[in-house]
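K.L.:
Following the hints, position chain B against chain A.
These protein sequence lines map, in sequence, to chains A and B. Numbering follows UniProt numbering, with no gaps: position 187 of the first sequence is 187. Numbering follows UniProt numbering, with no gaps: position 123 of the second sequence is 123.
What the hints contain is simulated information worked out from the structure, not anything from laboratory work. Small disclaimer: the values here were computed from a predicted structure and weren't measured. Do not take every clue at face value.
Said to hold, decoys possible - Just so you have them, the derived chain B footprint on chain A, three or more residues with Cβ under 8 Å:
no.	stretch
1	163-175
2	210-220
Said to hold, decoys possible - Below, a list of computed lysine-lysine pairs in the DSS-like style, where the Cα atoms sit at most 30 Å apart:
no.	chain 1	residue 1	chain 2	residue 2
3	B	Lys22	B	Lys12
4	A	Lys174	B	Lys116
5	B	Lys239	A	Lys174
6	B	Lys66	A	Lys92
7	B	Lys100	B	Lys195
8	B	Lys100	A	Lys174
9	A	Lys92	B	Lys166
10	B	Lys66	B	Lys100
For every residue, glycine included, the Cβ atom is placed at its ideal position computed from N, Cα and C.
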Amino acid sequence: MSPKVTEKIAFATLRAIAFFIVLCLAVVLWDIFSKGLPALTWEFITENPRRGMTEGGIFPAIVGTFYLVLGTIIFALPIGVMTAIYLVEYAKESWATRMIRLAVVNLAGVPSVVFGLFGLGFFVLFLGFGVSILAGSLTLALMILPVIITTSEEALRTVPRGYREASLALGATKLQTILFIVLPNAMPGILTGSILGVARAAGETAPILLTVAAFFLPRLPNSIFDQVMALPYHLYVIATQVPHADQSIPYGTAAVLMILVLGLNLIAILLRTYFRRMRKV
Amino acid sequence: MSKIKIEAENLKLFYGDFQALKNINLTMKEKEVTALIGLSGCGKSTFLRCLNRMNDIIPNCHVEGKLTFEGEDIYHPDCDVVALRKKVGMVFQAPNPFPKTVYENVAYAPKLHGTKDRASLDEIVETSLKQAALWDEVKDRLHKPALGLSGGQQQRLCIARALAIKPEVLLMDEPTSALDPISTLKIEELIRELKQHYTIIIVTHNMQQAARVSDRTAFFLVGDLVEVDDTEVIFTNPKDQRTEDYITGRFG
Numbered sequence: 001m002s003p004k005v006t007e008k009i010a011f012a013t014l015r016a017i018a019f020f021i022v023l024c025l026a027v028v029l030w031d032i033f034s035k036g037l038p039a040l041t042w043e044f045i046t047e048n049p050r051r052g053m054t055e056g057g058i059f060p061a062i063v064g065t066f067y068l069v070l071g072t073i074i075f076a077l078p079i080g081v082m083t084a085i086y087l088v089e090y091a092k093e094s095w096a097t098r099m100i101r102l103a104v105v106n107l108a109g110v111p112s113v114v115f116g117l118f119g120l121g122f123f124v125l126f127l128g129f130g131v132s133i134l135a136g137s138l139t140l141a142l143m144i145l146p147v148i149i150t151t152s153e154e155a156l157r158t159v160p161r162g163y164r165e166a167s168l169a170l171g172a173t174k175l176q177t178i179l180f181i182v183l184p185n186a187m188p189g190i191l192t193g194s195i196l197g198v199a200r201a202a203g204e205t206a207p208i209l210l211t212v213a214a215f216f217l218p219r220l221p222n223s224i225f226d227q228v229m230a231l232p233y234h235l236y237v238i239a240t241q242v243p244h245a246d247q248s249i250p251y252g253t254a255a256v257l258m259i260l261v262l263g264l265n266l267i268a269i270l271l272r273t274y275f276r277r278m279r280k281v
Numbered sequence: 001m002s003k004i005k006i007e008a009e010n011l012k013l014f015y016g017d018f019q020a021l022k023n024i025n026l027t028m029k030e031k032e033v034t035a036l037i038g039l040s041g042c043g044k045s046t047f048l049r050c051l052n053r054m055n056d057i058i059p060n061c062h063v064e065g066k067l068t069f070e071g072e073d074i075y076h077p078d079c080d081v082v083a084l085r086k087k088v089g090m091v092f093q094a095p096n097p098f099p100k101t102v103y104e105n106v107a108y109a110p111k112l113h114g115t116k117d118r119a120s121l122d123e124i125v126e127t128s129l130k131q132a133a134l135w136d137e138v139k140d141r142l143h144k145p146a147l148g149l150s151g152g153q154q155q156r157l158c159i160a161r162a163l164a165i166k167p168e169v170l171l172m173d174e175p176t177s178a179l180d181p182i183s184t185l186k187i188e189e190l191i192r193e194l195k196q197h198y199t200i201i202i203v204t205h206n207m208q209q210a211a212r213v214s215d216r217t218a219f220f221l222v223g224d225l226v227e228v229d230d231t232e233v234i235f236t237n238p239k240d241q242r243t244e245d246y247i248t249g250r251f252g
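Looking at chain A on its own, in the form it has when it is part of the complex (with noise of 0.2 Å):
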């Protein structure tokens, strides 16, 4: 075969490749949106479950999901950043970091059954948080550090040395140089990658199972040591435990759950277009 044909063989099939993936998520998406669209009515997105969860909505998953996102938020985002920080900026060679490097890549490298468990055993009960919004987040804040750690590391490595060198050259300490000049410039990296993040801890069921999801709670909690309904976990649910339910309800709320986690990556996209704009003329 001439090197010509080769070419256009592995051309196509590569494209051919790429485009599939393109076709699974539209699978996915239509497979969920054509089922669960006509569910979403604005009943379905205010109300509490009725009736063992066969009607109603799922107002209280909704609002369960969105208290544990901004709980992760609130615990994992300074400490990914901090950590972050002090490996980049102020970490040099030694046993100490490796080991804390080798501690992020085993973290990440952790399944989300066992983080479940972890958190069940350290948070719940040891800590005596209780089955609670606060033994989830920092659970969930605990499984998603790694990617904030890492994603902040490399938002960091790519500010400028020269950006530094002036700062400190001007009489800037180091940690002003971090604060004023380092810091600014890599906030669009660290909040997009923190997002995508907690995109993924939004939808994770294993972690939160043991450590705060609620089987059927048809109320708002009081409290962070309340119980909370949560959507993956709602949907695991009714999807096996009711055996009478429509099936455009676990539908419905896998809908829910992909408009909630798309809108998150969207959110991401945007900050990214955005603040690339700034920076230009």
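P.N.:
Just chain B, lined up with the frame of chain A:
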């Protein structure tokens, strides 16, 4: 005879085991322009970065010998590096304005060092930009991004930014190597202006530039200071054969 501003005595610098500066003895006088010339990797930039202790940020770098600024040892453990860098400003090889507005670039350091009120900052920004011969070009776009300026304008902005905290010494590390000839000329004119008020030490690969702007020239070769003298002497009647070879372009 003007007074000695910076003095190096038997200054040695090591990157780990590698000795980058061998035994440097050099005095720089107040309100003079000293040019440091030599091949790439000869240690002239390293020497320059000792003068405001920018080498501190390089791991495994250590210095022996003595380096004094107005008689005070700047490598003494008690030396306040922040205070030193306020007095010894620096302009880098590639223009590196912050991705902020023109105004914010110049106001950055004064703000850090405690100037808060708007009127004083306005005045500092205007004076510094005028000193850097940039005011007329940017006065209508002070609040536009600095990265929108041309390369030469950006470098003059960096000079203005360094001048904003009223340093006594200005270190310039090949400040025109990334610029076109016209911008280079403007910076050189500026250096001649600035030396009325500042002590300037400039690293350059461009020998005509050293000849045009400096009062004294020091020639470095693989970590050694070969010769230092009045610029005119260095370029017309150098004492060392190696200096002559270098300035006549016979090095290779």
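K.L.:
Starting from the hint list further up, note which numbers the structure goes against and sort them upward.
P.N.:
When the structure is compared with the hints, numbers 2, 5, 9 and 10 turn out to be violated.
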